[in-house]
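Visitor: The residues making up each chain are set out below.
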Amino acid sequence: MEEAILAVELLNALAIFGANMVIATQEVSTMLKQKHAVGQKFTKADALAYMDKGDLLQGEALARAKAAMGATA
Amino acid sequence: MRILVAIAASALLASCAGMPPAEPAQDLTEQVAYMEGQAQAFIRDVDQLSCYTGWDAKARLCVEPGKPLSPTAAVELLLRIKDGRQGLRAALVMPSGGGACLPNAPPAASPLACLQVATQALLEVEQVLRQAQQRKGN
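Chains A and B are the protein sequences, given in the same order. Just so it is clear: in the first sequence, position 2 is 44 by this note's numbering, and no numbers are missing. Just so it is clear: in the second sequence, position 32 is 73 by this note's numbering, and no numbers are missing.
A portion of the hints provided could be inaccurate.
[Unchecked claim] Here chain B is said to cover these stretches of chain A; the calculated rule only asks that three of the stretch's residues, wherever they fall, bring their Cβ under 8 Å from a Cβ of chain B: (1) 61-69; (2) 88-95; (3) 98-110.
[Claimed, not checked] Ranges between beta-carbon positions, derived for each pair: (4) B:100 <-> A:108: 38 to 46 Å; (5) A:78 <-> B:97: 13 to 21 Å; (6) A:112 <-> B:101: 42 to 50 Å; (7) B:113 <-> A:76: 36 to 44 Å; (8) B:168 <-> A:113: 22 to 30 Å; (9) B:106 <-> A:77: 19 to 27 Å; (10) A:102 <-> B:98: 46 to 54 Å; (11) B:153 <-> A:61: 27 to 35 Å; (12) A:81 <-> B:145: 19 to 27 Å; (13) A:98 <-> B:113: 31 to 39 Å; (14) B:138 <-> A:113: 16 to 24 Å; (15) B:145 <-> A:102: 18 to 26 Å.
[To be verified] Derived, one-sided and incomplete: chain A residues facing chain B with beta-carbon distance under 10 Å: (16) 72; (17) 73; (18) 75; (19) 77; (20) 78; (21) 80; (22) 83; (23) 84; (24) 85; (25) 113.
Since the hints were derived computationally from the structure, they do not count as laboratory data. Just so we're clear, the structure is a prediction, and the values are computed from it rather than from any experiment. We put the beta carbon where it would ideally sit given N, CA and C, even for glycine.
Put together the whole structure using the sequences plus the hints.
Guide: Given below as structure tokens:
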């Protein structure tokens with residue numbers, strides 16, 4: 043029951059945030075499909091490389107937000 | 042379980058949007074990859090909802106419509122996402138006996154336990170983003 047309620051909550055959230063979450067899910071799904079199609083799994087090295095990409099995204103967003111915070115302080 | 046539900050819900054939405062179903066995760070590494078994808082989506086959400094110019098601190102409004110997050114709120118959320126992502130990375134490299142997970146939190150008993158803690162931290166960010174998105178719509 044709790045899981046069903048959680049699923050509904052998540053679906054509501056996803057309906058609002060749709061685009062970015064769906065794009066991200068499909069991006070990961072495509073990477074996994076490519077691995078599974080040749081009988082391999084997504085390795086830790088693959089995951090760390092994907093996280094490095096996330097680090098860049100995070101660094102850029104944080105830099106923009108901090109610059110804006112400094113400008114309004 | 043929350044992780045699986047989150048992935049399943051996202052996959053369901055994707056299928057509703059006419060996209061192919063998401064590939065099931067076969068192990069913890071692949072679950073981490075899905076959660077990292079969600080974390081990156083949250084970073085993009087914060088970026089898109091943040092008022093980088095023209096924030097009126099007194100009125101708590103942005104001159105640009107559809108940007109309900111102040112720069113300070115954006116930084117706070119991005120730092121929380123950073124912590125959650127650090128937990129995901131820790132879960133990935135953690136020995137089976139457990140170890141350090143989130144910053145300023147007790148060690149996790151196992152990689153799976155760490156993944157669950159990191160997921161919970163990221164879902165809390167998602168709730169704040171949902172509220173911001175609702176303000177955007179008002």
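Visitor: Which of the numbered hints are not met once you compare them with the structure shown?
Guide: 4, 5, 6, 9, 10, 12, 13, 14 and 21
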